[in-house]
Amino acid sequence: MRKRLAEADKDLGDTIQQSPLWHAKAELIISVPGVGKVTATSLLAELPELGNLARREIGALVGVCPFNRDSGGHKGRRAIWGGRASIRAVLYMAALVASRYNPVIKAYYQKLLAAGKVKKVALVACMRKLLVILNAMVKNNTPWRGVEAA
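If you read the sequence shown in the working numbering, its first letter stands for residue 1, the second for the next number, and so on.
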């Protein structure tokens with residue numbers, strides 16, 4: 001099983017290297033601190049809409065936008081749900097790393113914690129911010145610019 005998984009990873013990596021379009025997108029994605037080859041490969045393979053949708057649409061598609069469970073006068077919970085769980089899992093790990101090593105995401109995460117948000121809520125907000133940044137970078141074909149990007 002592990003051998004097959006390794007072969008599949010190698011095949012996917014080779015496909016990305018051979019395709020000029022995917023290779024260019026992968027290089028843009030990897031230029032972001034906290035985002036590596038596994039994240040880039042997963043995003044390219046499982047989220048072909050990256051770079052083609054607006055920020056709200058891409059967030060809803062992945063499932064990192066909070067939805068309200070309100071009805072009439074009842075104010076329900078706000079939670080993320082739906083979307084592509086595999087991409088959410090990849091973004092979660094990328095946001096964990098980015099909250100430590102990416103200056104833009106780190107500042108945003110610290111700001112949310114200082115405002116009294118729970119750590120996981122702040123991390124989900126960082127996931128969405130990272131996804132929106134990556135979407136804009138791929139859409140505009142611009143590499144990571146650091147602090148100016150926020």
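These are computed hints drawn from the structure, not numbers from a lab. Keep in mind that the hints are not guaranteed to be accurate.
Ranges between beta-carbon positions, derived for each pair [claimed, not checked]:
#1 Tyr92 <-> Leu5: 18 to 24 Å
#2 Asn68 <-> Leu12: 34 to 40 Å
#3 His74 <-> Leu96: 19 to 25 Å
#4 Glu27 <-> Gly82: 18 to 24 Å
#5 Gly83 <-> Arg4: 26 to 32 Å
All C-beta atoms in this analysis are idealised placements derived from N, C-alpha and C, irrespective of residue type, glycine included.
Problem - Unsatisfied constraints (hint numbers, rising) - result: Violated: hints 3 and 4.
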